[in-house]
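Undergrad: Numbering (numbering that gives the first Met the number 0), first residue to last: 0 to 133.
Quick caveat, the hints were computed from the structure, so don't treat them as lab data. The model shown is predicted, which means the values in this text are computed figures rather than measured ones. From the three backbone atoms N, C-alpha and C, an ideal C-beta is built for every residue, glycine too. Honestly, I wouldn't trust all of these hints.
Unchecked claim - Derived CB-CB ranges, DEER-like:
1) S85 <-> G42: 29 to 35 Å
2) Y60 <-> R90: 17 to 23 Å
3) D83 <-> P128: 29 to 35 Å
As the list claims (entries may be wrong) - No farther apart than 25 Å at their CA atoms in a straight line, the calculated lysine-lysine pairs in the PhoX-like style are these:
4) K5 <-> K127
5) K1 <-> K127
6) K127 <-> K59
7) K39 <-> K131
8) K59 <-> K131
9) K39 <-> K59
10) K130 <-> K39
11) K59 <-> K130
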Amino acid sequence: MKTIVKTDEEWRTQLSPEAYSVARGHGTERAFSGEYASFKGDGIYTCICCGTPLFDSFAKYDSGSGWPSYDQPLSPEALTENRDSSHGMVRVEVLCATCNAHLGHVFPDGPATTGLRYCINSVCLNFKPRKKEF
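With the hints as constraints, model all of the structure from the sequences given.
TA: What follows is the structure, encoded as structure tokens:
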């Protein structure tokens with residue numbers, strides 16, 4: 000997979016201030032504030048920075064956390080993970096494998112299908128509706 004690298008200025012020009020703060024600065028949007036927290040559309044969620052397909056709406060579920068939650072990525076190769084020991088706790092950070100954008104975290108308390116909860120910031124995502132075939 001080709002890696003996308005841009006300067007800080009290029010990212011700032013492309014992204015909203017909030018998206019830049021979260022995706023490039025490893026921030027977090029407030030719980031229940033994101034566009035996709037309770038969104039129920041049918042389609043694919045892509046990276047706000049590079050457009051890489053990350054999650055299918057079929058994997059989305061309501062975790063009650065206030066952030067969009069998925070039990071699995073669209074493809075394991077779409078994401079990378081890092082140990083995150085910030086804020087006095089140890090978590091697993093989830094990043095876009097293509098552009099290294101911070102997306103959120105993954106926790107081992109998801110549904111029985113995978114046992115995982117990918118807790119992702121809405122501001123780091125774009126939604127592409129699934130094309131209906133007739």
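Undergrad: If a hint holds in the structure, say so; if it doesn't, say that too.
TA: Structure-based check of each hint:
{"no.": "1", "hint": "S85 <-> G42: 29 to 35 Å", "in the structure": "32 Å, holds"}
{"no.": "2", "hint": "Y60 <-> R90: 17 to 23 Å", "in the structure": "19 Å, holds"}
{"no.": "3", "hint": "D83 <-> P128: 29 to 35 Å", "in the structure": "32 Å, holds"}
{"no.": "4", "hint": "K5 <-> K127", "in the structure": "24 Å, holds"}
{"no.": "5", "hint": "K1 <-> K127", "in the structure": "22 Å, holds"}
{"no.": "6", "hint": "K127 <-> K59", "in the structure": "14 Å, holds"}
{"no.": "7", "hint": "K39 <-> K131", "in the structure": "16 Å, holds"}
{"no.": "8", "hint": "K59 <-> K131", "in the structure": "19 Å, holds"}
{"no.": "9", "hint": "K39 <-> K59", "in the structure": "8 Å, holds"}
{"no.": "10", "hint": "K130 <-> K39", "in the structure": "15 Å, holds"}
{"no.": "11", "hint": "K59 <-> K130", "in the structure": "18 Å, holds"}
Every hint from the earlier list agrees with this structure, and none is contradicted.
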